[in-house]
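Undergrad: Spelled out, the chains give:
Number of protein chains: 2
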Amino acid sequence: MSTATEIRLASRPVGAPTLDDFSIVDVERPEPGEGGVLVRNLVLSVDPYMRMRMSEAKAYAPPFEVGKVMPGGAIGEVIESRSAAFAKGEVVLHSAGWRSHAAVPAEQAVKIDTDAAPLTAYLGVLGLTGLTAYAGLIEAQFEEGDTVFVSGAAGAVGSVVGQLAKLRGAKRVIGSAGSADKVAHLVDELGFDAAFNYKDGPVAEQLAAAAPDGIDVYFENVGGEHLEAAIDALNRNGRIAYCGVISQYNATEPVPGPRNMIKVLHQRLTIRGFLVGDHTALRPQFLAEIAPLVKQGKLRYRETIVDGLRNAPQAFLDLLEGANTGKMLVRL
Amino acid sequence: MSTATEIRLASRPVGAPTLDDFSIVDVERPEPGEGGVLVRNLVLSVDPYMRMRMSEAKAYAPPFEVGKVMPGGAIGEVIESRSAAFAKGEVVLHSAGWRSHAAVPAEQAVKIDTDAAPLTAYLGVLGLTGLTAYAGLIEAQFEEGDTVFVSGAAGAVGSVVGQLAKLRGAKRVIGSAGSADKVAHLVDELGFDAAFNYKDGPVAEQLAAAAPDGIDVYFENVGGEHLEAAIDALNRNGRIAYCGVISQYNATEPVPGPRNMIKVLHQRLTIRGFLVGDHTALRPQFLAEIAPLVKQGKLRYRETIVDGLRNAPQAFLDLLEGANTGKMLVRL
Chain S
1 MSTATEIRLA SRPVGAPTLD DFSIVDVERP EPGEGGVLVR NLVLSVDPYM
51 RMRMSEAKAY APPFEVGKVM PGGAIGEVIE SRSAAFAKGE VVLHSAGWRS
101 HAAVPAEQAV KIDTDAAPLT AYLGVLGLTG LTAYAGLIEA QFEEGDTVFV
151 SGAAGAVGSV VGQLAKLRGA KRVIGSAGSA DKVAHLVDEL GFDAAFNYKD
201 GPVAEQLAAA APDGIDVYFE NVGGEHLEAA IDALNRNGRI AYCGVISQYN
251 ATEPVPGPRN MIKVLHQRLT IRGFLVGDHT ALRPQFLAEI APLVKQGKLR
301 YRETIVDGLR NAPQAFLDLL EGANTGKMLV RL
Chain D
1 MSTATEIRLA SRPVGAPTLD DFSIVDVERP EPGEGGVLVR NLVLSVDPYM
51 RMRMSEAKAY APPFEVGKVM PGGAIGEVIE SRSAAFAKGE VVLHSAGWRS
101 HAAVPAEQAV KIDTDAAPLT AYLGVLGLTG LTAYAGLIEA QFEEGDTVFV
151 SGAAGAVGSV VGQLAKLRGA KRVIGSAGSA DKVAHLVDEL GFDAAFNYKD
201 GPVAEQLAAA APDGIDVYFE NVGGEHLEAA IDALNRNGRI AYCGVISQYN
251 ATEPVPGPRN MIKVLHQRLT IRGFLVGDHT ALRPQFLAEI APLVKQGKLR
301 YRETIVDGLR NAPQAFLDLL EGANTGKMLV RL
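Chains S and D, in that order, are what the protein sequence lines are. Sequential numbering from 1 applies to the first sequence in full-length UniProt numbering. Sequential numbering from 1 applies to the second sequence in full-length UniProt numbering.
I should point out that these hints are in silico values taken from the structure, not numbers from a laboratory. Note that CB positions come from ideal geometry on N, CA and C, so glycine has one too. Hints should not be assumed to be uniformly reliable.
[Claimed, not checked] Derived, one-sided and incomplete: chain S residues facing chain D with beta-carbon distance under 10 Å:
#: 1; residue: P254
#: 2; residue: R272
#: 3; residue: G273
Generate the whole structure from the sequences, applying the supplied hints.
TA: Dropping the structure here:
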């Protein structure tokens, strides 16, 4: 019997997840279904949104099921094919999640061109995280000349937001991150005009210093203090792309809201929540714009890669603590 | 010497304004300027937004000046004219505020057709409050079939919002107000599908009962508990027209924000602040749609009229406490 390994959600975390919320199980290797493929995974994605869906309450989609494999984006090699559309040896993207082998229906697998870009890019800058950044700038009605502030700027989404805004003619791009190294990375390597470590002092003060003329767009990845500071800094007709709030996913009690909502009125602000899943139709135009920028080295990205499927739970916990720079991935 | 009377902002209120924050002063009657008119006021408007501008901090516009006449919408009769555009006896709308007589430059006076509608309507349903409702429904991207919740629904703006939404095909219109009489008025006279007294219990519970299928649009006039409840009730792609927050204008400390902002993400909500002053270009289309509805009795309005210029400060204080149904006006 050939074996495979799966990582399952063992229990719903209360507050910060722990390793005990996952179980690692050896199982019989699956067979490809009629018209499907068997994929041996090469790399998989851990993402902040997964924390929301580990809780019982419905977030934007049904919660992950306890006892089932953790879903999520992954890339692997076809090792058996019962589909005319896929040949053995081809590399595909799918969302069957944290497992060594996945039986994937043909319609849920997307062929990846590993000559055009490194395959890991398809889980990051050229994947849903890149598309999230791309869609968010549209939702925020970003325009040339805007000053943009992005929180979690050294993360997979934030780093694309900042660079893309800059490439498209932002007047000034400011990022926040959680370490001096990340701040240096933003300014020295990604071309941010300014960046600060939110652990160094109040966000409002650091943002005001970095954006003396205020901001026009805020790309929200963090929540809490960041949101309140951004609302205070936004200029008239400012816009917030409300993408995620990683600081709040572990909350067990209602979190304080921004105390300055009246500024939404005074400054005619727009706060707009969005989810990348509603914007997948943008993918062709997204790839047409972004892939060349990546290839030319104009849009840079980093990855934090952890080796070994069994380390995926720890990688995920580390991601929630901000241990990553750029996309957090697990290589099998 | 002919005299006139002015009501001035005597001091900036801290918390709830009091009568001591105003002074009533008899002055020499003004002369019309070159090319202007002298207006004897007949009726003037007191509005919640005035409270924001009585504070020192800049809100959306510079604060009212201490020692100066309270600005605001007013209607009066031309008693002297030095303008070819205006004849003695004509009735004009202007914004020279709380005074018995106003010298108004011609370009700041607008002739009122008192045959088309009662003149007080031009300070309410056909004036800036009506236009606020009209613009807010546009900002909220209201569509036929939406369920709409409006707070402060018995007020000048809220009562137009609810009726207009209903006339345009809302599936369901729900209002909140601060007394049983107002609630009855909304349902029995204005055609709201449901209404509740926010003082009777938690807004979230009353709203959930009134909107079992959730809401699509929230028109914000109140703030605080109302906003949090509305965010919880909004369906996917729901929209908030953030028009005013009367519950917070007297706040001396930062007010708690909505603790459920994560719903903005889960439900892809849009919160949009707006000010009627940015939307005056809508006035022709607004009047073309609304004036006939008012004339035909399809769009009803109430006024709470206080007699005597000297009672304007008390009328304003009462307005902030919710003593009015419909537009609060002072008749001279």
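Undergrad: If any of the earlier hints don't hold here, list their numbers in rising order.
TA: none
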